[in-house]
Amino acid sequence: MNRIIIKTSNLKKYYQMGESAVKALDGVDFEAREREFVSIIGKSGSGKSTLLHLIGGLDVPDSGSVIVDGVNLADMDNEQLAIFRRRKVGFIFQNYNLIPDLNIYENIIFPTELDGGHIDDEFIHEIMAVLRISAKREMLPSQLSGGEQQRAAIARALAAKPSIILADEPTGNLDTATGHEVMGLLKTLSKKYQQTMVIITHDQDIAQIADRIVRIEDGRTVKGGDSYAG
Amino acid sequence: MLANNDQKVIRRLSLRSMRADRKRYGTFLAAAAIASFLLFCVLTIGLTYLELLKLQTIRINGADYDIQLINGFTREQKEKLMKDEHVSSVGVFAYAGYVEKTDADDTVHTGLIYYDDVFWKEQKSRAVDKESGHYPQKSNELMVTREALADCGKGELDVGDSFVMTYSDRRGSHEEEFVISGIWEGFGGKEVFCVSEAFYRESGYELSGNAGLFVKLKGRFVTKRTLAMLEESVGKTDRQIFYVNSDTENSAYALAGTAGLGFIICLSAYLLIYNIFYLSVAGKVRYYGLLQALGMTKRQVRRLVMGQMILIGAAGILFGTLAGAGVSFGLVPYVMKLLGIKAGNMEIRFHPAVLFVSILVVGCTLYLSVRKPALAASCITPVEALAYQGYVPAERKRKKTGRGSWCQRMAAGQLRKDKKKTAVVFLSLAASLSVYLCLTTIIGTQGARTVYPNHMDADIVIRNDTAGLEDTEAFRPIIGDTFVEELCQIEGIRKIHILSGVQAEIPRENEFLSVWLERYNALQSGNSAIESSRQDYRAWICGIDEAEFDYLNQSLDEPVDKEDFLSGKKCLVYHSGVEFSEEELGQMTVRFREEGTEKYQETGVAGMVYEGYYGFSGGPGIIMSGEYLASACEETDILSLNVMYDKEYDEETERAVRTLINTDENASDFYCESKYDNMQEIRAAQSGRMEVGSCIAILLLLVGILNYINTVSAGIQNRRRSLAVMESLGMSRRQVRELLVREGMLYAGGSMAVTFTAGMLVTYSLFQSMNSMGAPFRIPLAYLAAAMVLVCLACILIPLLTYRYMDQKESLAERIRGFE
Chain A
190 MNRIIIKTSN LKKYYQMGES AVKALDGVDF EAREREFVSI IGKSGSGKST
240 LLHLIGGLDV PDSGSVIVDG VNLADMDNEQ LAIFRRRKVG FIFQNYNLIP
290 DLNIYENIIF PTELDGGHID DEFIHEIMAV LRISAKREML PSQLSGGEQQ
340 RAAIARALAA KPSIILADEP TGNLDTATGH EVMGLLKTLS KKYQQTMVII
390 THDQDIAQIA DRIVRIEDGR TVKGGDSYAG
Chain B
619 MLANNDQKVI RRLSLRSMRA DRKRYGTFLA AAAIASFLLF CVLTIGLTYL
669 ELLKLQTIRI NGADYDIQLI NGFTREQKEK LMKDEHVSSV GVFAYAGYVE
719 KTDADDTVHT GLIYYDDVFW KEQKSRAVDK ESGHYPQKSN ELMVTREALA
769 DCGKGELDVG DSFVMTYSDR RGSHEEEFVI SGIWEGFGGK EVFCVSEAFY
819 RESGYELSGN AGLFVKLKGR FVTKRTLAML EESVGKTDRQ IFYVNSDTEN
869 SAYALAGTAG LGFIICLSAY LLIYNIFYLS VAGKVRYYGL LQALGMTKRQ
919 VRRLVMGQMI LIGAAGILFG TLAGAGVSFG LVPYVMKLLG IKAGNMEIRF
969 HPAVLFVSIL VVGCTLYLSV RKPALAASCI TPVEALAYQG YVPAERKRKK
1019 TGRGSWCQRM AAGQLRKDKK KTAVVFLSLA ASLSVYLCLT TIIGTQGART
1069 VYPNHMDADI VIRNDTAGLE DTEAFRPIIG DTFVEELCQI EGIRKIHILS
1119 GVQAEIPREN EFLSVWLERY NALQSGNSAI ESSRQDYRAW ICGIDEAEFD
1169 YLNQSLDEPV DKEDFLSGKK CLVYHSGVEF SEEELGQMTV RFREEGTEKY
1219 QETGVAGMVY EGYYGFSGGP GIIMSGEYLA SACEETDILS LNVMYDKEYD
1269 EETERAVRTL INTDENASDF YCESKYDNMQ EIRAAQSGRM EVGSCIAILL
1319 LLVGILNYIN TVSAGIQNRR RSLAVMESLG MSRRQVRELL VREGMLYAGG
1369 SMAVTFTAGM LVTYSLFQSM NSMGAPFRIP LAYLAAAMVL VCLACILIPL
1419 LTYRYMDQKE SLAERIRGFE
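Protein sequences, first through last, are from chains A and B. So in the working numbering the end of the first sequence lands on 419, straight run, no missing numbers. So in the working numbering the end of the second sequence lands on 1438, straight run, no missing numbers.
So that you can see chain A by itself, here it is in the shape it has in the complex:
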């Protein structure tokens, strides 16, 4: 069995909404192993995105710990967290979040450039070809369709060869056919590049593509909610 690469323990995160506190996460324990493809499902406001943000170091928990690849994120300062994100994690957002001023190629290589690292053009060409966006190389994001933009966002997440891919509703803005196509690509690529994939979705069908499904409700993982798909 592969080693655990992501582990959260008793993770809590509260938000203040007016006079009342909203428990976005209320003691979540979650694990993901190397090269595992995990789907997290739950209703809107269940805390899925918050969990993903905490795992990716975009936010800090009120209590509990997030250990990624043996390192507790709480021990990192902002600078170290930024380096962690650019080297270890690839993010895929529902709204694609491509940088509008950069062309597709520049968007894809951006995290690698930030790290001052060597750009493996052969690898970039390969993933662009696999994702069928080679012809869109010099286009701006606004000129691409939703599916194309999401494929570009996937390419960007893969470009720095991170060990973990975190995808937040990657098919949320896509039609069913394109959504299934994108999920298929993600699964193929995660296997090809041996990456751990954590995907958030509220679509049961999409979630079925994953190796394992984790259900989250009211800020807690549902005990016995884990199921193995695939």
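Derived by calculation from the structure, the hints in this document are not laboratory data. Beta carbons: idealized from backbone N, C-alpha and C, even for Gly. Among the hints, a few may not be true.
Simulated restraints, written as ranges between beta carbons of each label pair [claimed, not checked]:
id: 1; chain 1: B; residue 1: Leu908; chain 2: A; residue 2: Asn362; range: 38 to 46 Å
id: 2; chain 1: A; residue 1: Glu406; chain 2: B; residue 2: Ser1023; range: 45 to 53 Å
id: 3; chain 1: A; residue 1: Glu406; chain 2: B; residue 2: Ala932; range: 52 to 60 Å
id: 4; chain 1: A; residue 1: Val211; chain 2: B; residue 2: Gln1426; range: 17 to 25 Å
id: 5; chain 1: B; residue 1: Tyr905; chain 2: A; residue 2: Ile308; range: 39 to 47 Å
id: 6; chain 1: B; residue 1: Gly925; chain 2: A; residue 2: Asp394; range: 46 to 54 Å
id: 7; chain 1: A; residue 1: Lys381; chain 2: B; residue 2: Ala1403; range: 21 to 29 Å
id: 8; chain 1: A; residue 1: Gly234; chain 2: B; residue 2: Gln1426; range: 21 to 29 Å
Incomplete in silico selection of chain A near chain B, CB under 7 Å [said to hold, decoys possible]:
id: 9; residue: Glu268
id: 10; residue: Ala271
id: 11; residue: Tyr382
The hints should help you fit chain B onto chain A, whose structure is shown.
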């Protein structure tokens, strides 16, 4: 479709949305108020500046006139000028003699001048601060200055007192008792006694000989063509000089400069409002789309937006103008008083035109800055509006992958993204910096451009006044070696050039002298001519040091052989109005003998100098090597000292030199020309103009920086999404700051590049148009560096502070979530 009454619902929506979004609409109000405030302040203070500039010119000239016609005039010429459509008034001045001595002083420099009513009451009045008594009516009455009375050794006298003086007029020398009918204080020639028309008529002088006209033109701006036509219409003789004030001569350029400055000021205000309103309305496009989705028509959206802006604009103009009036009329004079800045006659006045221009510019700008985004908001479909995420250049489909580091590429790309917005910020900053550069250069070079330089640009020239007396036997050697030694010991004195002199006689038969006398007399009228029957002509042979020779020699068309000059073989002559051709100069020699000796010496005339410094007793000034004179003559005296200070306008050194002179037993026989005094006179004439100019420069710089602040801070707020995404992809805060600093530096660098090219060109042109003394173009580097540092700091700190504020307010996840 039937028309429906939608006024009520639009008004209600308009007021409620303004009430609900107080912060945003408060920013609009503040923008309109700040722009109105700055525009009102800058224009009000600017007009005061122009008024003071005019006052300064009047004070420096000593009267309010544009043209002088000197060396006499005819009745016809005066009438022709008076009838000319461009002429407002024509005043008369006429030489009426000079004071020879009083019982208290025998080296008096005071002249006797007659002024007519037009000159005294209309043209001179603005240069007079205080006048007691009245202009002379009787022939024994004088209008005096305190300075002239002091020159005559009668400083203690007042209006109504009388004193006896010996004066000279065309009829000869007279001793009479005069009554002081009035005393005036102010600007212009002070060593003058003004005499009555009755006195002038008895003096024997004629208006066609030693008199002139002061001509004041209508309006402030006149073309060179008009001036040329006026000069031609007068039909002046060779002897007459038609002199136009440099300010008047360059008034057309000044008009263009003033209009340009006014345009830049209005442009800056325009940019400030346009920027804030454009960004703010564009930022609400999604809201307007929602309104359309709920059933509002495009026309109703436009009316809603325009209605809100008109309301806010009107309130902003009102508040801004009131605040501007308060600052202009209250705070500025108060602060200047607190800081101990002498404002002189400075009085900031209300100009209705300023109010009109402020309202017009702010109003038009509001309309223009709201119209376009309002139109855009109403023209796009509700779906598009709801998906609106700020400005995206629609025409761009492809973008080549850039070169260089990501930071450099992204910073440059950010500036290219919205070229219009970038141009607005560049222009605004560059306009402000350029005006600042222009004003500080003009202010900084005030002394060099307007203070008439002493000989060799000396800080003080100390002359032995008795050397200038007509009677050469009255000369007393008051500047001795001891005096020079004591002068040398004063701290702050860098160098002293000594002008020595030998009293000599030039034989009448000397060809140079006879030609000089003939030509000199032809230029003079009446008894100013030098008697030609005298056998020998007494004159000073001046001796200069090697450095002074080098200084003179470099100004000659044909430089003189230095060795010939130093050995006494060659000499230079002072022009004194008499011209010699190059051939004549090369052929003539001056024969002279030192007074009291028999031996004649001869020296060849090699060149002519035009410096009045060498004019003593009105004769042909001969200039030789001082060292040669000391060796060849038995007795040389010191005529004058040219003193240079370590530091220009150094008050301490000036005070020490003055003390040495004033405590000398022959104090009244020294005559000083001080650069420091001239500067003080100019400063008094400026009457707070420089301070007012500085206020304008600072206000404009503020406009530019405010423009930058609102554009950049709004721009960064609008880029929260991009920045958050980049951070989520691994961009560290340090890298974000690096990117923002790079962008800021590009703004600063770009605006500086415009300032150093276009701004410098404008500054240079303006400087030259105001540079009557031909001073070298010099930029006040310290002030410029301070402004550049300020602009750089603003350009770097504003984005960093905005980012810091944004970062502290929300976490990265919140910023990302806020957009999803």
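Hints, one by one, checked against the model:
1. B:Leu908 with A:Asn362: 38 to 46 Å: Violated, since B:Leu908 and A:Asn362 (Cβ atoms, about 20 Å apart) do not stay within the stated range.
2. A:Glu406 with B:Ser1023: 45 to 53 Å: About 47 Å separates the Cβ atoms of A:Glu406 and B:Ser1023, which means 45 to 53 Å holds.
3. A:Glu406 with B:Ala932: 52 to 60 Å: Given range 52 to 60 Å: holds, Cβ gap about 56 Å.
4. A:Val211 with B:Gln1426: 17 to 25 Å: Once the Cβ atoms are compared, 22 Å apart, the range 17 to 25 Å for B:Gln1426 and A:Val211 holds.
5. B:Tyr905 with A:Ile308: 39 to 47 Å: holds (42 Å)
6. B:Gly925 with A:Asp394: 46 to 54 Å: This hint holds: roughly 51 Å between Cβ atoms.
7. A:Lys381 with B:Ala1403: 21 to 29 Å: Taking Cβ atoms as reference, A:Lys381 and B:Ala1403 lie about 59 Å apart, which means the hint is violated.
8. A:Gly234 with B:Gln1426: 21 to 29 Å: holds (26 Å)
9. Glu268: holds (5 Å)
10. Ala271: Holds. Min distance 4 Å.
11. Tyr382: violated (18 Å)
Hints 1, 7 and 11 from the list above are not met by this structure, while the remaining hints are.
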